[in-house]
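Chemist: Sequence:
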Amino acid sequence: GTTVSAGTLKGDTNSLVGNIVNNAFLFFDQTSDGEFTGAISGTGGLSKTGGGELLFTDADIAAGSFSVHGTGAVIDGGAVDIDG
2 GTTVSAGTLK GDTNSLVGNI VNNAFLFFDQ TSDGEFTGAI SGTGGLSKTG
52 GGELLFTDAD IAAGSFSVHG TGAVIDGGAV DIDG
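Residue numbering for the sequence shown follows my numbering, starting at 2 and increasing by one per position.
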């Protein structure tokens with residue numbers, strides 16, 4: 002897994018894989034459609050930009066905030082907890 006403790010971790014579903022503990026900021030820059038199947042936990046912010054669709058499949062997501070810009074994000078199964 003990956004832990005984000007400070008700053009920003011930026012990538013797409015090709016580079017952001019597995020379980021992520023996010024206590025800072027996680028940024029999906031999705032230029033093409035992609036799927037994330039891991040878990041995201043922690044108190045950090047989560048953002049998605051770009052023209053590609055981001056599909057969260059059976060993903061458990063906990064975030065301090067969650068914003069979507071550009072083409073949408075789809076949640077298919079799993080659980081989402083936004084506290085922000």
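There may be inaccurate statements among the hints.
[Said to hold, decoys possible] Calculated cross-link-like contacts (lysine to any residue; reagent style SDA-like; alpha-carbon spacing at most 20 Å):
1. K11 <-> E36
2. K11 <-> E54
3. K11 <-> N24
4. K11 <-> V69
The hints are simulated quantities; they were obtained by calculation from the structure and are not laboratory data.
Chemist: If a hint holds in the structure, say so; if it does not, say that too.
Modeler: Taking the hints in turn, this is what the structure says about them:
no., hint, in the structure
1, K11 <-> E36, "holds, 16 Å"
2, K11 <-> E54, "holds, 16 Å"
3, K11 <-> N24, "holds, 14 Å"
4, K11 <-> V69, "holds, 14 Å"
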